[in-house]
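Line by line, the protein sequences are chains R and Z.
When the count follows our numbering, it moves up by one through the first sequence with no breaks and lands on 451 for the last residue.
When the count follows our numbering, it moves up by one through the second sequence with no breaks and lands on 754 for the last residue.
Don't take every hint at face value.
Straight-line C-alpha distance at most 25 Å; calculated DMTMM-like pairs for lysine to aspartate or glutamate [as the list claims (entries may be wrong)]: (1) Z:Lys503 with R:Asp278; (2) R:Lys382 with Z:Asp667; (3) Z:Lys629 with R:Asp384; (4) Z:Lys615 with Z:Asp667.
I should point out that these hints are in silico values taken from the structure, not numbers from a laboratory.
As the structure is a prediction and not an experimental result, all values here were calculated from the model.
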Amino acid sequence: MENLKNLSAEKITNDLLPQKFGRRGMIWTASLIVICCIGAFAYIKQLREGLIVTNMGDYVSWGIYISNFVFFVAVSLVGSLITAIFRLSGVPWRTPLTRIAEIIAVSNITFAALIIIVDMGRPERLYFLFTHGRIQSPILWDVIVITTYFFLSLLLLYITLIPDIRMMISLKDKLGKPFSKLYHWLASFWQGTAAQEKIRDRAITILCITVIPVAFCIHTVTSWLFATTYRPGWDSSNFGAYFVSGAFLVGAGAVVVAMYVFRRVYKLENYITETHFDKMGKLTVMLALLYLYFNVNEFLVPAFKMKKEEKDYLSGLFTGDFAPMFWFAILIGMIIPILVLLFKKGRKPKPMFIVGVMVVVGAWFKRYLIVTPTLLHPFLPKYDAPARFNHYFPSWEEWAITIGSMAGVLLIITFFARVFPVISIYKTLEDKNALTKQHETTEQYESVPVS
Amino acid sequence: MKQLNNMKVYQYHKYIIIMVLLFGTSVCTINAQDSAVSKTELSVSYFLPANKVPYLEVSTKKKVGRKFEPVKNIPVSVYLSEAEPTNLLGKVTTDASGKGRIGIPASFKNTWDSLNEFKFIAQSDSSAGQESLSADITIKKAILTVDTTSADGTRMVTAQLKEKSGNDWVAIKNIDMKLGIKRMLGNLSVGDEATYTSDSTGVSSAEFKRDSLPGDQKGNIILVAEVDDNDTYGNLVTEKNVNWGAAVKPPKNFFAQRTLWSTRFETPIWLLIVAYSIGIGVWCVIFYLIWQIVKIKRLGANA
Numbered sequence: 001m002e003n004l005k006n007l008s009a010e011k012i013t014n015d016l017l018p019q020k021f022g023r024r025g026m027i028w029t030a031s032l033i034v035i036c037c038i039g040a041f042a043y044i045k046q047l048r049e050g051l052i053v054t055n056m057g058d059y060v061s062w063g064i065y066i067s068n069f070v071f072f073v074a075v076s077l078v079g080s081l082i083t084a085i086f087r088l089s090g091v092p093w094r095t096p097l098t099r100i101a102e103i104i105a106v107s108n109i110t111f112a113a114l115i116i117i118v119d120m121g122r123p124e125r126l127y128f129l130f131t132h133g134r135i136q137s138p139i140l141w142d143v144i145v146i147t148t149y150f151f152l153s154l155l156l157l158y159i160t161l162i163p164d165i166r167m168m169i170s171l172k173d174k175l176g177k178p179f180s181k182l183y184h185w186l187a188s189f190w191q192g193t194a195a196q197e198k199i200r201d202r203a204i205t206i207l208c209i210t211v212i213p214v215a216f217c218i219h220t221v222t223s224w225l226f227a228t229t230y231r232p233g234w235d236s237s238n239f240g241a242y243f244v245s246g247a248f249l250v251g252a253g254a255v256v257v258a259m260y261v262f263r264r265v266y267k268l269e270n271y272i273t274e275t276h277f278d279k280m281g282k283l284t285v286m287l288a289l290l291y292l293y294f295n296v297n298e299f300l301v302p303a304f305k306m307k308k309e310e311k312d313y314l315s316g317l318f319t320g321d322f323a324p325m326f327w328f329a330i331l332i333g334m335i336i337p338i339l340v341l342l343f344k345k346g347r348k349p350k351p352m353f354i355v356g357v358m359v360v361v362g363a364w365f366k367r368y369l370i371v372t373p374t375l376l377h378p379f380l381p382k383y384d385a386p387a388r389f390n391h392y393f394p395s396w397e398e399w400a401i402t403i404g405s406m407a408g409v410l411l412i413i414t415f416f417a418r419v420f421p422v423i424s425i426y427k428t429l430e431d432k433n434a435l436t437k438q439h440e441t442t443e444q445y446e447s448v449p450v451s
Numbered sequence: 452m453k454q455l456n457n458m459k460v461y462q463y464h465k466y467i468i469i470m471v472l473l474f475g476t477s478v479c480t481i482n483a484q485d486s487a488v489s490k491t492e493l494s495v496s497y498f499l500p501a502n503k504v505p506y507l508e509v510s511t512k513k514k515v516g517r518k519f520e521p522v523k524n525i526p527v528s529v530y531l532s533e534a535e536p537t538n539l540l541g542k543v544t545t546d547a548s549g550k551g552r553i554g555i556p557a558s559f560k561n562t563w564d565s566l567n568e569f570k571f572i573a574q575s576d577s578s579a580g581q582e583s584l585s586a587d588i589t590i591k592k593a594i595l596t597v598d599t600t601s602a603d604g605t606r607m608v609t610a611q612l613k614e615k616s617g618n619d620w621v622a623i624k625n626i627d628m629k630l631g632i633k634r635m636l637g638n639l640s641v642g643d644e645a646t647y648t649s650d651s652t653g654v655s656s657a658e659f660k661r662d663s664l665p666g667d668q669k670g671n672i673i674l675v676a677e678v679d680d681n682d683t684y685g686n687l688v689t690e691k692n693v694n695w696g697a698a699v700k701p702p703k704n705f706f707a708q709r710t711l712w713s714t715r716f717e718t719p720i721w722l723l724i725v726a727y728s729i730g731i732g733v734w735c736v737i738f739y740l741i742w743q744i745v746k747i748k749r750l751g752a753n754a
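With these hints in hand, go ahead and build the complete structure from the sequences.
Laid out in structure tokens, this is it:
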């Protein structure tokens, strides 16, 4: 924050303007496009041949697609955490993180919606959900709340972007022509008048207040898709809080990873400082402890009782087929991050980046473990089922679509960073002016002789 | 003295070495069993459902480690009496569960009627990565009937097994049968025993002890008599409908109530109010915010 004081407005503007892709950027983007194309090819194959190309069956009818959906929904929650909660609580160091958090939220919620359609198998029947949907079903609640959160996140991203885009219109000579029409369409009306500022500020405040309960709803309702079903591992009144706390953790992890990458690639060391990593580290360790607490509740209590119906499911997680993945997710996703982040050295950018990656990877496997083992352990005995129904491992089509969707999320973030500033120029300049004023006031105050 | 001690130590060590060797051999044997893959086994079974059209089921499996795994995609030909092309009953390829089913073709009716004992031969020719397989069974023609009697409030289920001998059907004694009631996931025994043995008249009987078992809307249940995997007669199953169950009638207007499990037209009022209030409330905010953007635009245009 203090660095800003010593930077000129011109330097800040130049540093934060979107930059053309270099050689590495082109390779990165091309790789993502190729992975997306492979995913699209696998999806076309699934459309032509049906869900038979997947390894899902009568028992595991929600496989890797729904695990991935829950993961995307979880990550998208970060938009509300960083932008809304930080803004409403007046966190002064939030500026370099908010835009990153917002774009992570928009990209993830977009693909969460798409992956549900992929899981349906027959996308042309999506409209049945609206024409024949029952409001009693949590699935319909989920569709409504995801759509709502998508629009809110998009509005939040757009309204905060308007002054920056206007600034980029005026810097057309520097930026070149490629996106000038888009910039004009999006923000040519912004004059920065006091009346416009007032409306914009109020709109952002209303958005921040609205987005928090909607964000909580989106993940709570997603948890209810499971918790309203009477099954081992899902039959829990703890599920809403368990999901929301996990979502905050993975979202914070994703922001940390994005912070590190943008800082390195766009050389933003003056804006995303070690202090930001330190503070995000403290936040992440708090969230990891909270999620660990809910995990203890979620597994220790049923394990203590070891009810007959849940025994196979729990044994499978603790010592059975799923044990390596379960303990990997717990260690990588919670325990090790907590241990690393408790130390100041662990909250430096590079260790934070590694911890962020661990949290995100651990969270993905955690979602897989929430979905699959439960489905393999129904209450009713399996009767006259083929042997392959007793196991589930995704087919190559499922992997391709899943990895393709992840590449899609990264592609949205990449394109966004190419077109728009990843840190708000307007807000950074505002922060700089505020700091300078504060500094001058302090100096004036100190120069007054004590009588 | 030292020599004596050495002898004792040697003897002591000898036992340890033997123990270690035995343990090592056991471990190696267990590991070998775990990793060993035996050659594919072929078997053929005979089924006669409801004394009507019989069929044959071929099964292929192999031992992997300590358990049998099904072997799929094995082409199998099944013959009657001798493995000649004219006696070919049919060809089948085993599915993912390692099984394949063949019905007795109508062209074999005369042969079938003239015989009282059948030999079925299943063969699979050698192909890429698979050696030739063969199995056969000999089955005596038999029929299984099921009946019920009621006296002094006691309900009895009886089943009788008869084999064809010459032109007559002769009762068969000492055959284990299952007498059960068809349920959703399997058959429930009518009495306390799992199986009942036929007497000298070929009849097995059991007291029906499952009173008030839920049946259909009229109280009908299905009794099942079964001879399961018998070496001489194969698998025979026959069923009979009886009105011994409790009538299960769905409550009137079950789906016409406003409940969480009703149709979308019968949503509880409280849920409608809560869901629509939240939805409309949030979307009003979204439309209000869009209106604010429009206002910012207008202000910009007028500036």
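Going through the hints against the structure:
1. For the given pair, Lys503 of chain Z sits about 79 Å from Asp278 of chain R by alpha-carbon distance, which is inconsistent with the 25 Å threshold.
2. Among the hinted pairs, Lys382 of chain R with Asp667 of chain Z is consistent with the structure: their alpha-carbon atoms are about 24 Å apart, no more than 25 Å.
3. Restraint check for Lys629 of chain Z and Asp384 of chain R: the C-alpha separation of about 19 Å stays at or below 25 Å, so the hint holds.
4. A hinted pair counts as satisfied when its Cα atoms are at most 25 Å apart, and Lys615 of chain Z with Asp667 of chain Z does not qualify at roughly 37 Å.
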